[in-house]
Structure formats: structure tokens, C-alpha cells
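*Asks:* Read off the chains here:
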Amino acid sequence: MKVKMLSRNPDNYVRETKLDLQRVPRNYDPTLHPFEVPREYVRALNATKLERVFAKPFLGSLDGHRDGVNCLAKHPKSLATVLSGACDGEVRIWNLTKRKCIRTIQAHEGFVRGICTRFCGTSFFTVGDDKTVKQWKMDGPGYGEEEEPLHTILGKTVYTGIDHHWKEAVFATCGQQVDIWDEQRTSPVCSMTWGFDSISSVKFNPIETFLLGSCASDRNIVLYDMRQATPLKKVILDMRTNTICWNPMEAFIFTAANEDYNLYTFDMRALDTPVMVHMDHVSAVLDVDYSPTGKEFVSASFDKSVRIFPVDKSRSREVYHTKRMQHVICVKWTSDSKYIMCGSDEMNIRLWKANASEKLGVLTSREKAAKDYNQKLKEKFQHHPHIKGIACHCHLPKSIYSQIQEQRIMKEARRRKEVNRLKHSKPGSVSVVSEKKKHIVAVVK
Amino acid sequence: MNVVQAAESLLALSQQEELEDLSKDDPLSPSEDEGDIDGERKHKKLLEAISSLDGKNRRKLAERSEASLKVSEFNVTSEGSGEKLVLSDLLGPVKTSSSLAAVKKQLNRVKSKKTVELPLNKEEVERARTPLEQEVFNLLHKNKQPVTDPLLTPVEKASLKAMSLEEAKMHRAELQRARALQSYYEARARREKKIKSKKYHKVLKKGRVRKALKEFEKLRKVNPTVALEELEKIEKARMMERMSLKHQNSGKWAKSKAIMAKYDLEARQAMQEQLARNKELTQKLQAASDSEEEEEGAEEEGELVPDAVNEIQMDANGPNPWMLRNHSRGTKEIKVQDPEQLPEPVAHEASENEEEDRPGAEEEILLNEFEERRSLRKKSGLSQEAKLVSRQEPKDSSSQEVLSELRALSQKLNQENQQSGKQNVSSVRTVLAVQREEPTEAEEEPLLLQRPERAHTMEKLEELGKEGCFQNKEVPRPVGEGQQSERNPDNQPGAPKEKKRKEQMIDLQNLLTTKSSSVKSLAVPMTVEELEDEEERDQKQMIKEAFAGDDVIRDFLKEKREAVEASKPKDVDLTLPGWGEWGGMGLKPSAKKRRRFLIKTPEGPPRKDKNLPNVIINEKRNVHAAAHQVRVLPYPFTHHRQFERTIQTPIGSTWNTQRAFQKLTTPKVVTKPGHIIKPIKAEDVGYRSSSRSDLSVVQRNPKQLSIRHKKHLKKNSVD
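Line by line, the protein sequences are chains H and V.
Oh and the first sequence: position 9 is 12 in this note's numbering, straight run, nothing missing.
Oh and the second sequence: position 222 is 226 in this note's numbering, straight run, nothing missing.
Think of the hints as simulated: they come from the structure by calculation, not from any bench.
This one's a predicted model, so the numbers in the text were calculated from it and none came from an experiment.
All residues carry an ideal CB built from backbone N, CA and C; glycine is no exception.
Errors might be hidden in some of the hints.
[Claimed, not checked] Straight line, CA to CA, 20 Å or less: simulated EDC-like cross-link-like pairs of lysine to aspartate or glutamate: (1) Lys676/V x Glu370/H; (2) Lys236/H x Asp270/H; (3) Lys170/H x Asp688/V; (4) Lys672/V x Glu54/H; (5) Lys667/V x Glu370/H; (6) Lys379/H x Glu648/V; (7) Lys676/V x Glu361/H; (8) Lys676/V x Asp339/H; (9) Lys672/V x Asp315/H; (10) Lys672/V x Asp339/H; (11) Lys685/V x Asp339/H; (12) Lys667/V x Asp339/H; (13) Lys682/V x Glu382/H; (14) Lys682/V x Asp339/H; (15) Lys80/H x Glu648/V.
[Said to hold, decoys possible] Just a few of them, taken from the derived set where beta-carbon distance is under 7 Å, the chain V residues facing chain H: (16) Ser163; (17) Ala629; (18) Ala631; (19) His632; (20) Pro638; (21) Ile655; (22) Gly656; (23) Thr658; (24) Thr669; (25) Ile680; (26) Ile681; (27) Pro683; (28) Ile684.
[What the hints assert, rightly or not] Reference listing, derived: stretches of chain H covered by chain V, where coverage requires no fewer than 3 residues with Cβ under 8 Å from a Cβ of chain V: (29) 34 to 41; (30) 285 to 297; (31) 337 to 343; (32) 377 to 390.
Construct the entire structure; sequences and hints are all you get.
*Replies:* Laid out in C-alpha cells, this is it:
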């Protein structure tokens, strides 16, 4: 007699080693797994909540400066090394893994206005209020040697910024004019001017390496081609731009941190309209840096907060602040795109997670899968109001919060006035200007 | 003392009279003239007795109160003297005068001569003078017809002589008894007919049906053949029911109920009841299958019943001796009872029934209650009726005596009947029996005809019996039956016939339309199917009991009603109490003011679920659900369908294969931890700068990417 029964061979499902993989039979008949949308919705909701629960971005602060941190630089080859220049002319090199200062250099008298590393990572350049450009070795001096720069260039005017070419031994400084230097020479290869105002920052394009952009205090952003003797074009905004940053993944995109609390992402081919206006800061934006992935950038503001913006969004996805953090002057996104550093007035360099709720350390594959799944779910249901509300909820310091309210009122009043003007004027005489175009005064070629 | 004596004398007188009445009442002296004279005499005596009541036993002397010169010869009376007037007294003064001799002679002659007799002497009559007369006389003689006395023929006389005094008395008693009973039952029927309580009738009906069923059960055990016939009758009734449209929900009432049923629970229940009834009624009973059982039953019967009994049963063409005996028992029982209880035998019966059957007890109790109440109310009336009965017997003064006599007589009669086995006289059905025998007993006709209205009612009674309105007949029956079942259980074989008759009396239609679940129970052991059916029903019953508490439909209806109420726009009352008039505790703003300041909201559009009884459509937006719903179409989507589709496709591993899951959940940007992400180069995305100034040359780059780029760098030369 044959008896039918379920029989399973343990060989089919018992692992001999932990690396053995079994096929787990599973029936994907949709009727057996109903309510897919509601279930996923709930999962998304839970993921969003957990995200907010575990949002603890602050990792630590690097203190040691005796004045406000004025500038920051990343080491091109080492993730753990960070350089910072302070307002008292001191330059410090930090090891992030140890969270310790490796080296301290009294580089300048007065402010260290700018600092940049050479693309090879062996040396770095600093400019200061003392009208000098100094090149320093990355490694410290040998035993008994004195701390001295490799080269020192004495300029005629004060240099306010410096940036190195991404591939060649060329660097550019800005002050009264933009100078392009060969490392081997003591005089600039070429100097370019457009107008007579001081230029606050200059940046090389990481992809199109001959391109560089500068922003002047006469409210314009000027683009240069190193190969030409004259500037390419400039765009005049409503207010002064403090600094610009090129997108490391898109050659033509750069973002400008403006005094009017906004950041403008431009496509250098069409400067008359910014690609995106990023508004969330309530005070002047002092610095901006792109994530190495090119998807997001971080901005430091005078309103004592650091914000992270997606490139294609006008609103920030994250705001970092602490009680003790004062005006943030400089900010950098580390090269592995995991961390953010910001240097602020109160002499500290702070280290943040770029993704506030991310788990640090090595993830198992299952953890990774879960993380990815949750991320996708959040993305999928991000438009649902409940989830959106949770995701967007964040605590703000009272000062920022009240200023946001205030500015909202002001903005509303302006809008109302505009509407009224449009309403009570002759049709066609007053045109509606979009938010993007509003802040662009002119584009000059 | 005198008064007492007088009363006693009066009583004695009346008793004497009664005795005389009784003696005169016998059929040998039925003359009405005598009765008249008797009446006068009685009257006179009564007057005398009354006059003697005042104490002085004085004699009233005849006095001439009026002065008259001429004493009328026609007015001569012997009153006052107390002596009889004799002719010789009158003749006395005539003797003295000679001139009156001739008159005297004449008178003497008159005195000596006999009075003329009319009609004429037989000889005188028989003397046939004409040929026609001779012929007539011849004819009469031939037929022995009385010529001189036309009242009784020789045959009649013979029959008259054949009936003894005792027999006649007995007969009379029987009749009287029948009459008494009849009047009682009439009154009872009338009374019961007047009862309007539906519950009473329902209970009554139910009890009847139950009893009938029990009878049937017994019958089935004892006499299967008869039971089978009964069953056939039931079957026939069922067929009739099937043919009719009685419970098919097609009537006016049913249609109206069907409309109401949607909203009204009671109507729905009524409809369901009707349908159930129809189903039960039209359900076929299987009787043919139990032939074996029948045989068994027959054998049993054979064993149980002694041979003698069977013989008696066999020979009985007409009356059943067992039955007769039973009836006699029954009558005895009635006799034993106090006559005062006669008007209310139902209670008695009920009490007996209670002993008999437990299941129907509560119904019986109910019935009892009804009866008691009724009897209490009507006691006086009943006694009046009894009096009426007694009055209808003209010479009887009290019904009690009559009844006692009657009972004794009937007892005798029954004994006689038993002996002869000729007459079927049942205590209950005497009325009918009498009527049936009427034509044969010619002598009794005058007695019966004295009360034409009585005969009429008797006819009615029979009609009623035919119709099946058996209330009057049925009621006393259990008295006998109960006794029977209690006293002589060995009498069982005799019972079936009785019961069968009774069953016939019970209207089959009536029986079937009341409750058929019990009818079905008769057929329970017959087939397996029905057993299963029963099981199923049990199951249903169990489920019903389990969920007795939650009435889903009613709850839903209530909910809907509430929803409708809630959705109705409410009027706004803007009245301010005390504004323009007095205000305070217990004071309300005037109706005029209220009317003026009441803002009536306009009637909204009709609800969408107005005509959908089983649906509640909530026309308001659900706030709780709204928190989870996307209000506006998000930016990149141009149509809501697109958006919905993205939401509809699940991405979890629950719904997708592992590979699909991995593909779906791969993030756009993947970074390796601990690695420096360098800015993109033209070589990374397939471009290669052949010249320093131009980056536009396209070429594949074999180098592996550290980062997956979704975006391809587009070639564009710098101006």
C-alpha cells in the first residue's frame, strides 16, 4: 500500500557550511499575497519613521583652532586627512579617523584666506591676508627641521582665494584680479579682470579642467577659460555671490552661494536662467560644496546651519545645526560622499554624516538589501502626505524657525504686492517674472 | 309562629302539587283541559294559603255587597255557606204550592233522566242509513280504524301498552338530559365564539393540533391501517394545499409584506414564516415505505388483544360494545360529578388533561386561565341558563332534582342498552341520537314538538358538527377518554375507532395549517433522507442559536438610518431668549419669534443610496483616509494613471523574485565605502580627449567604473 505523505530530504535544506545557499521555494502567486499596496505603504511609513528616529548626524568636532575656521580643504588621495585654515593664520591638518590634529602650521599673519591641495596630494597652497601665496609640504618637516613653506610668493595685492588645477601644476588666485600661476614661476601666467571689484573666490572645473569660475563682490559670476586671455562670460545677480562650486559629475553645472540666502545652480551654457534656485537658508550662504556623486550639495550659512540640497530640488533635504555651532564659514563634503565637515566661527570643525540615519560600518548583504528596499519604498511613497509630513519634519532652532516664519510673511507680502500691481495696472504693462529669472540681472559675454 | 306554619304549609302544598304533576305527567293522561282546571284550582288554593298568612284563619263569608231586588237565577252560588247547592233544596219550597206541581213533575223527570251523551252511541253511529255511509263503514272496519275514538289506532294502543311506565320515564329523562346538555353546549359555543383574543384562539388551535397528533401517534401504533388512511387524508390535504395558492406569497397581503420586508423586520419574519409553512405543507410525506412496520404493528395487535375482543370487534356492524361500555363509564363519571360543576366541565377536563399529557401542559394552563376567567365572569349567566332549562320543563321547579333523576334513568337505560346491544346511546351524542330516532318514535313527537326552537337548534348543532366546528362536542369527550385511558388500559383495541372518529371531526385543513413541523415528526423514522434533513435543521438551529444575539440586518438598517440622519442639513436657530420679551427659568421664546429666527437649510440633493437598501454611500470625504491619500498629482507625472501604476507595482520580495527584487531596489547611486570618488572624466563615459582643446571625440572606454553613472556626459564644446 502506498501512503502519500510529505517527505523532505534534509540534504535539500540543511546547510553543510554557512556559505551553502539553498533555493527557498516560494510561490509568487499574487492571490496568495494580497494587499500589496497597503502593505508596502505601511512598510514605507515605518521606514520613514525609523529614518527620523535614527537621524543622528553629528559625529564629532575637531577643536584646536584658536580662531574661527576660515577655510577647509580635502586631501585628494587620503580620506582621513583634512586641512583647515583659521582666522589667526594657523593651518591645521587633521586625521579624521583619529579625530586629531596631526600638524599645526602658523602659515600667515592675519586670516588664512584660502587653502587648496595639489592634485597629487603631496603639497598644499595657502593664501593669506599678508599678500603671500605659500606652498607647503603635506608631510611634516623632518626631525629638527623647521616648519617652512616650500615656496612663498609675494603678491602686490591681497589674495582672497586659491584653487589648484585638477590635473596640471597650475593654480589660480583671486583678489583684485584672477591670476593663473605656474607652480614653477613666481609671477602669474596670466591675469584676467572684468570690472574693478575684488573677487572673493575662484574654482577650477573638475571635469573641463581649463574652465574656471569666479565670483566678485560686484554681484557677478565670471567664467574663464584658462586657454584664453579673456574671460568667457559673466552673469550679474541681485546680490553678491560668496562662492561657487562645480558639479564633479556634470561639467557645465555649478552652484553659487549667494548673499540673498539662496543658492543658484547654473548651467554655464545658459546663464540667464538658473537651473534651480535653492531656498531654505535664512541668512547669507557662505560656502557650498558638491557631493562627489554630484547629486547633492551642502551649503554653509551665516544662520548657523548647514543644509543639504539635492541638485534638482529647491528645498533642502536636511538641516544640521547644534546649539554651539555659530556662523558656518566653510563646508566640505568628503570624497567618499559619506561625511560632511564644516568649519565655523567658534573655532570648531564638525563632522557630520551625509546621510543622517545611515548606519556606519560594514553592512551585511541582508542589511544592505533592507536598506535599499526601505529607501525605494520611501521614494515610492514620498508623495503621500503622511509620509511626506514625517520625512520633512525636523526640529529647528528657535532663531531659524522664527526667521523662516518672518521671511514667509515678507515673501507673501511681496507676492501680494506683485499680484496687486499686476491687477491694477494696464494689461501687458507689468509682466510676471518667474522666481528663477527674478534674481538674474544680466548675462554679459 | 303563624307565619312559619303558613310557609310550611305552602311548601308542603307545592310538594304535593309536584307529586301530582308527576303522576299526571305520565303519558296515560295527557289532557290539557285537566291541566287548565287544575290550574284554576291551584290558583284558588294558593290564594287561600296566602290569605291564611295573616294569622287569622278566618273564613270569608259570602256577603252581598250590593243591594239588588232581583236575585239572578244564573248568579246563584254556594259561596259563603260552605255547602253545595243541591237540587232538592231548590225543589223544597216548590212542594208547598200546588200550582207548581206541573213544574215539579217536570223537574223530577229531568232528574231521573240520564244526560244526553255526545257523540252519539256507537249503535246509533254505526247504523248505516245511506249506501254511501255503509260503504264507508265497511272500509273502516276492514282497516280496523277507530270509528268512535279517532285518537288511537289499535296498533298504537298496542305499542302504547308495550311501553312500560319505567321505559317511558327513562326515555323522558333521557330527552331532558339531552336538552339540558344541548342548551349548555349552545351557550358555551356562543360564549367561545365571542372571544376575540387571538392568543387564546392560537393556543387553543395549537393544543388541538398537538392532541390530534398525539392521537395519531397512538393510532399509528395501535391500528396502522387506520393511521394509513389518516395519512392519506393528510396527503390529500397537502395536495389541495399545493394546488391552491394559499401560502405562495402571491396574495395581496403577502405582496404588501414583500414590499415592507426590506425595511421591517416583523414583516420579513411574517413572510418567512409563511414561506416556511408553505414548504412544510407541500412537503411530501412518505407513508408507503413502512409496510413492514405496519405488519409488525398488526402482529403486535394480534398478540396484545385477546380473541374475544377481536370477535366482538369483528361482529360489530353497528355500535361498538367497547365504546358503549366506555360511554357508560363516561356517563357514570358525569354522574359522580356534582351537578353544579356541569356548567364548567372544561376546567375539569383541563385538569385531567394535565395529568394526561405533560408537553401540552402550559397551553392547557393558559386555556385553563382563560376558562376560569370566563367562567367567573359568566357564572351568573350560566346559572340563569340552567334555570332556563328547568323552565322549559314546565312542571319542574328545580333543575337539581330533574338532573339527579335524569342521571339515574340514563344509567338504567345504559345498562339496558348494554344488554340488548341494540341502541347506540352515548352520553355525549345523545342529542344526535335522539334526532336520528325521532321518526321511529312517533309517540315522542308531541313532546319534542312542544319546543320547535329547540329542535331547530339541534339541527344547527348537527350542522356544526358536520362543518367541523367541534368545539361543543369535543369538549366533554376527554372526560370519558381520560377515564378510559386511566382505568382500563386493556381497552386499547377499542380506542382506535373512537380516535379515528375524533380525528375526522378535527378538520384536516385546520390541523395542517397550524403547524407541520410536528406533522413531519410523524414521518421521522420513515426515511433516512428526512433524518438527514433533520440533522441539517438541527445544525441550522444551532447556528441560529449561536448567533441569536447579533442581528446583522437590523444593525445595518439602524446604522443606515443614523447615517441618513447625520447627513441631513440642520436648521439654524438664531433666537435669543429674553430679547424683546421676558426671559428666565421656564420661559421659552415665543413660537412666532422662533419661527422668525429659524433659518431653514434647504433640502440637499437626494442621497445616492436612497434606492439602494443594502448600501450606505458616504458622500463625505473621509478625513482619516485623506491623511494617506495623495491630493495632487506629483510633479514628474502627467496623468494620475501613471502615478497609480507606479504605486500599484509592488517592489518587495514578497511579490517579486529575488532577482527582480534586487533590480528594483538597486539605488541610483552606489558608493563603495572608504573609496575616494573622483570627479568624472571624459574617458569614464566613453569620451576621450584626443586633443587638449577638444573633448568631443567618442570612444569606448574599457575601464571599469567605480561609480555607476546614470547620466552620460554629453559632449559639448566650450564656446
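*Asks:* If any of the earlier hints don't hold here, list their numbers in rising order.
*Replies:* Numbers 12, 13, 15, 16, 17 - these are the hints that the structure violates, sorted from lowest upward.
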